[in-house]
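Chains as they are written, first to last, in our numbering: chain F, 3 to 324; chain X, 1264 to 1665.
Derived from the structure by calculation, the hints contain no laboratory data. Treat the hints with care, since some could be wrong.
Non-contacting residues of chain F with respect to chain X, defined by C-beta distances greater than 12 Å in every case (computed) [to be verified]:
| hint | residue |
| --- | --- |
| 1 | E78 |
| 2 | G272 |
| 3 | T299 |
| 4 | V307 |
Partner residues aside, some chain F positions facing chain X, computed with beta carbon under 10 Å [claimed, not checked]:
| hint | residue |
| --- | --- |
| 5 | A34 |
| 6 | T50 |
| 7 | R89 |
| 8 | F209 |
Idealized CB from N, CA, C, for every residue including glycine.
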Amino acid sequence: VTERSEVESRDPAESAGSGGPLLTRREVIRSAALVGGTMAVAGAGVITARTAGATPDPTGEQTVRDLTVLDNVPAEVDEDVLLRMQRDLVKAMAKPVEERSWIMVIDTRKCVGCHACTLACVAENNLPPGVVYRPVVTEEFGEYPNVQLRFTPRPCMQCDEPPCVPVCPVNATWKRPDGIVAIDYDKCIGCRYCLTACPYGARTSDFGESYVAGVAEGADATEESVFGAQAPWMEQPSHEYGKAWERGDHASPEGNARKCHFCLHRLEVGQLPKCATSCIGRATYFGDANDPDSLVTELITQNNVQTLLPHKGTKPRVYYIV
Amino acid sequence: VSVVAPERPSVADEPPVASYAPWRRALWGVFAVSLVLGLVGVWLRLVEGHLPAGYGSYVPWGLWIAVYFHGVGIAAGALAVAAIGYLLGWRGFVTRQSLRIATIVVAASVAPALLSVGLDLGRMERAWRIIVAPSFTSMMAFNTWTYLALLALCAGIWWLSYRPDRGWLKPLLVLAMLLIVMVPSQSGAFFGVVDAKPYWHSALLPILLFVSAMTAGAAVLLLVRALVADTGGDAGRRESYPALRILRTVVLVGIALYFVLEFAEFSIGLWNPQAGAPELDLVLTGPYWWVFWIVHVLLGGVVPFALLLLRSPRAWVVAGGLVGVTFVSSRLNVLIPGQAVGELRGLQEAFVHPRLDYVYNATAMEYLVALFAVALGMAIVYIGLRLSSMIEQRLSNEGDER
Chain F
3 VTERSEVESR DPAESAGSGG PLLTRREVIR SAALVGGTMA VAGAGVITAR
53 TAGATPDPTG EQTVRDLTVL DNVPAEVDED VLLRMQRDLV KAMAKPVEER
103 SWIMVIDTRK CVGCHACTLA CVAENNLPPG VVYRPVVTEE FGEYPNVQLR
153 FTPRPCMQCD EPPCVPVCPV NATWKRPDGI VAIDYDKCIG CRYCLTACPY
203 GARTSDFGES YVAGVAEGAD ATEESVFGAQ APWMEQPSHE YGKAWERGDH
253 ASPEGNARKC HFCLHRLEVG QLPKCATSCI GRATYFGDAN DPDSLVTELI
303 TQNNVQTLLP HKGTKPRVYY IV
Chain X
1264 VSVVAPERPS VADEPPVASY APWRRALWGV FAVSLVLGLV GVWLRLVEGH
1314 LPAGYGSYVP WGLWIAVYFH GVGIAAGALA VAAIGYLLGW RGFVTRQSLR
1364 IATIVVAASV APALLSVGLD LGRMERAWRI IVAPSFTSMM AFNTWTYLAL
1414 LALCAGIWWL SYRPDRGWLK PLLVLAMLLI VMVPSQSGAF FGVVDAKPYW
1464 HSALLPILLF VSAMTAGAAV LLLVRALVAD TGGDAGRRES YPALRILRTV
1514 VLVGIALYFV LEFAEFSIGL WNPQAGAPEL DLVLTGPYWW VFWIVHVLLG
1564 GVVPFALLLL RSPRAWVVAG GLVGVTFVSS RLNVLIPGQA VGELRGLQEA
1614 FVHPRLDYVY NATAMEYLVA LFAVALGMAI VYIGLRLSSM IEQRLSNEGD
1664 ER
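Work the whole structure out from these sequences, hints included.
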């Protein structure tokens, strides 16, 4: 291409520079049709996306669970709160999913910052390095000797107005009827837009890291079988969302956004979230807010509770007793 | 509506000019180095995945996303000037060849941009889902569709530019104007809608990114037009001179406007009596202060502005190249500081890992892949111009035979 060819290819009759009208009547009509059509299609796309209400989850009777986990454990007065919450869980699971409303209550007055919930969660979900669902934030106030520590476990808030959901470009994350925000690992493209949208930093990306990568280099067969990439515990799949997620060969959830899901896979079989059962101070409570007799309903109605960053308007489902 | 172009002086009225870019052969060296190093980066990315990358979960987007938004901005800006110039009959823009050069610049900037963002995806093999199952509540899906529409539109403009006019070329250019406004503005909206990041959550951001896109796009078009003009000898240079002057003006005004808008944005944060602005502190005095003061202000503002004020087209070309490269810093200075300040105090210390850190340093792999994006863009410009020349030659020969 040379400017000489530009000189030769000039066609003054077709350019506006010739002194003719900017656009002929026919071109004006075509321009209006193209611009109007494009804007109409774009508008329809946005409106359709914003008004689509159905979630991909099944609802109704097929979601009712007749769980027998506590059939042989009679209820007692002043029984451990874990048993009380598990009874609440069994009761809630006997309802269709759309009639449950899962919430978590964390009593910060009891939390001692032991991080047991963080690690139990890592073990439960086979989380790789750099992925964490429930860190415990430690804040220090005052000056020596008048120092105070405050511990704030931070699971996913399962917001009722989740900012992470609408930013997903492929509908890979959504709000379930029971209030939990779920991710479809098989759809997620790993763009990480949802990570930036969460004001709580509750989503982390699985970059494919491994706790044992390189550990077995130079080791003998015995050592490698215990500590190496083939260590038996590494072969255990994660069971998030009720599916076995084998690790390796760039399989999902590697490359995906990940976050706390209130241990949905455990709820389905009558088990409380791992963070609740592992809390040494019984500071984490879980249950159905739609049940007026549940422990969590009792706690949020009888105590001074707060949510994190309420000014963000996300309407979290995790309450903190302060 | 009727617009009459100003009286056009003859080509001979323009002063004869020496080569616009006597250093242009050095671009082969830049291309070769970028290609070789870039291929190493792409190979690393494909073999090692995201492990050698510096971004994490608290700063999820890094250099590649800045390159992505810079690329689509250049595309919009270059096409904007060419399309407006063609429609209004600006001197130097009235030929179809000038449109073709702009469409080549669009392809050469959007393709590397999409490559950059594709390599940034955790599951890039699923990128097609944005096309077949998009959610238009997400600005990302909206953006992707608009970019692809822009590419398709440019392909249409390219094709029509070789054919007898049947009244579709200008309507397509009018439609292009809509997309040209949408593409960079949406880039700003992409960040602006994120309420979780106060630094991004500003209505001015789409306008800032629009202005930076027009500036960088005009700058890159100035560079490419000058390189093309040089291949046409004195006649080519004289013919292109009016176009370069217009592009010079656009870049000059763009630089000035961008810095005025940026000052407006910064001043709100800096003079706010209620709260500090940690993101601005990072930009102005943080570890990467030099990206703002040296790359952005000095090399992207002061130096090119001064060069453009000179009467030498050679200086304008250098300024175009500078702005085309350094304006990526305007993207970086939006992107990184916005993520580097968390809403929850103490989160970084709650679970310690390099991926859970608010400090981001681009790694060698990220720089190498960015170099590959540059090489890809240069290759597309070269191949596009050669292809364009071949088609013109063939059409010319066919015309002679008839």
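Please name the hints from earlier in the document that this structure breaks, with their numbers sorted from lowest to highest.
7
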